[in-house]
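There are 6 protein chains.
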Amino acid sequence: MATVPLIDYEVASPEVKAVFDDIKHVRNIPDVNNFWKALANHPDILQRTWSTLQEVMRPGALDALTKELLYLAVSITNSCDYCIHSHTAAAFAKGMTQAQYQELLAVVGMAHQTNALSTGMKIPVDPQFLASTAKES
Amino acid sequence: MATVPLIDYEVASPEVKAVFDDIKHVRNIPDVNNFWKALANHPDILQRTWSTLQEVMRPGALDALTKELLYLAVSITNSCDYCIHSHTAAAFAKGMTQAQYQELLAVVGMAHQTNALSTGMKIPVDPQFLASTAKES
Amino acid sequence: MATVPLIDYEVASPEVKAVFDDIKHVRNIPDVNNFWKALANHPDILQRTWSTLQEVMRPGALDALTKELLYLAVSITNSCDYCIHSHTAAAFAKGMTQAQYQELLAVVGMAHQTNALSTGMKIPVDPQFLASTAKES
Amino acid sequence: MATVPLIDYEVASPEVKAVFDDIKHVRNIPDVNNFWKALANHPDILQRTWSTLQEVMRPGALDALTKELLYLAVSITNSCDYCIHSHTAAAFAKGMTQAQYQELLAVVGMAHQTNALSTGMKIPVDPQFLASTAKES
Amino acid sequence: MATVPLIDYEVASPEVKAVFDDIKHVRNIPDVNNFWKALANHPDILQRTWSTLQEVMRPGALDALTKELLYLAVSITNSCDYCIHSHTAAAFAKGMTQAQYQELLAVVGMAHQTNALSTGMKIPVDPQFLASTAKES
Amino acid sequence: MATVPLIDYEVASPEVKAVFDDIKHVRNIPDVNNFWKALANHPDILQRTWSTLQEVMRPGALDALTKELLYLAVSITNSCDYCIHSHTAAAFAKGMTQAQYQELLAVVGMAHQTNALSTGMKIPVDPQFLASTAKES
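Protein chains in written order, with this note's numbering: chain U, 1 to 137; chain W, 1001 to 1137; chain P, 2001 to 2137; chain G, 3001 to 3137; chain D, 4001 to 4137; chain A, 5001 to 5137.
I should point out that these hints are in silico values taken from the structure, not numbers from a laboratory. Quick caveat: nothing in here was measured; it's all calculated off a predicted structure. Check before you lean on any hint, since a few could be wrong.
[What the hints assert, rightly or not] DSBU-like cross-link-like pairs, simulated, lysine-lysine; straight-line CA separation at most 30 Å:
1. Lys-1094(W) <-> Lys-94(U)
2. Lys-3094(G) <-> Lys-3017(G)
3. Lys-2094(P) <-> Lys-2024(P)
4. Lys-24(U) <-> Lys-94(U)
5. Lys-5094(A) <-> Lys-4094(D)
6. Lys-1017(W) <-> Lys-1094(W)
7. Lys-5094(A) <-> Lys-5017(A)
8. Lys-5094(A) <-> Lys-5024(A)
9. Lys-3094(G) <-> Lys-2094(P)
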């Protein structure tokens, strides 16, 4: 049960309805999902989040699916229940195959393990890694 | 300063040297980085981690760069200093462009924000997300 | 379902009953909430937690509502389901308005985003920040 | 050492300079801090982050200091080194007293402890907390 | 509801069945738990995880119960619902007493508190701690 | 550099000196470590933390070393730099062998991996785990 009411289209204010209409149009879906209905309690956050999300997730140097996979990997690492479900579904909708999903899980799991080992031993960063990122950037 | 000694090739045991040789050969580098020198304190972990990492990171349904980007996204989310530096360098070495890196950072940052909002409001998962993942799987 | 039995007042030991009575008296509530019933499995933790919580949360240089908002912000960041619900309710009970709640969520969300960006790029701390905190302290 | 170059005003592009000028003007500071110099590698993120941060942090239902304290609490919980230093300094600059800072630390520390206890025992949420937040919202 | 189907023994592939049989034999249980049924979607991860888990968790310099307690402490800290339940049950099965469980919770809770305080104040590491770990290792 | 001054014994208030004296006496050390010098900025937190830490860490159903290992495992998972160094040193001081340390790291690393896999797939908890913990408790 949410800590805020989920605001349905029918009872939304005109400014919220406008964002909902845009989401439905852009995504070609009959209704917005609960994330947006919850954000609608704060129209400023709703508007800003929708606007930013479109900018960030639009295909660019990284394609749409790769961005969705990254979003999912972060959501798993942050233990966000809602986000894991919504971004797993979104990744499948954007073409993620079952094989890709299994490999994503394997990479995420392995990263957690080596992250813990590196942090646990406080391993000093190799000079060549520092030089490399400085150069590449 | 690490909590364990970093074991250099010259003083390593034969079983550690064998793993180090394999890493140097596969990656075509003159010396292994500190992560492996730290793991060398526990030859079993060293052997297992190297073996698993190769399996997990080899190109498959996801290509090598995408896997590296996912690894980096998880490492940032886990605040692992060593891993952030080493996997940023690795991603550049595998062809990540500066534009891709900037987009990765934007996606990771945005995911953190919406993860926090979703978790903070305890938004219930939409039935279609549950159905979608069940079907796709 | 909890990993421990929730101990109700009726079946509690005298020392647990004494803490429960104090909680009910101080908070003017008919029964303690599940957190305390769970802690009652370890009377030492129960006693210590209740005692410390009163000291920490009593109005001082920060007022009671501000402390509750901070508690909620940490609970969201730690993804603690029980704590998000209980401290959101507590904040409302202490006078948090819906507008304040929405602004808290916006700040928490934004902090997560810039935390991730700062950590991801390993940005070095500006000397003036170090000097400032040293001076102020 | 950052994974990106820190872009100084002198070498910045006109669009980055415009944002830097605005930050310096609004905050009345002679130079922007490293966070902005790092973001300047991606002018879109720079512009968006500065714009959103101003909206989110401007005094509203919560005053500027309370928002800064919340930002700091989240930054501590996320173990973000840069953010802890910059937001501790910012909170002092906005009037946080040493006594308030100590109480903030006490609340953050206590929240971490009870978050861990609640999560560890998987304590079920009391019905009155769910009802309370639904009603209040 | 899982994001993947849980694969039951009856419908599993021969290679999955072989791992399931080994788990059932080693643990002397009539059926594998859901973790393994979920991993069975990716036979490579299933095989590797089972193999590694046996190596890591077998009694060595640390006994089986101590390892299980450590696993539980990490699972609580990572807010992993499934893992908290499964490893609490496993610890009880390996002989954890109720008193030991309560002390584990107390230590985990206290560690979270002092972790937050230390991180929040960015306390510099004492030279003797660095020297000690270097020497001991 | 800490965000607070580290308060040395010579300049401490009488109440802080009393706690420092007790720490030095109980631990048989010539000076307290930086954690306590930082906490000394808030004598209430100092007193309470020292008092609680002694209660929590004293040998009971779990011995002193096992408690220290749990503390270290949590500190690694929370990425607390200071705590990783201080509790690694403390564990060695309490008798942790190098072999035990390596096994602890292996368990912590493996737990992180399976935590991520379980969270990522949202695996439902098996009924027998719920029944087991309810019964045992």
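Against the structure shown, which of the earlier numbered hints fail to hold, in ascending order? none
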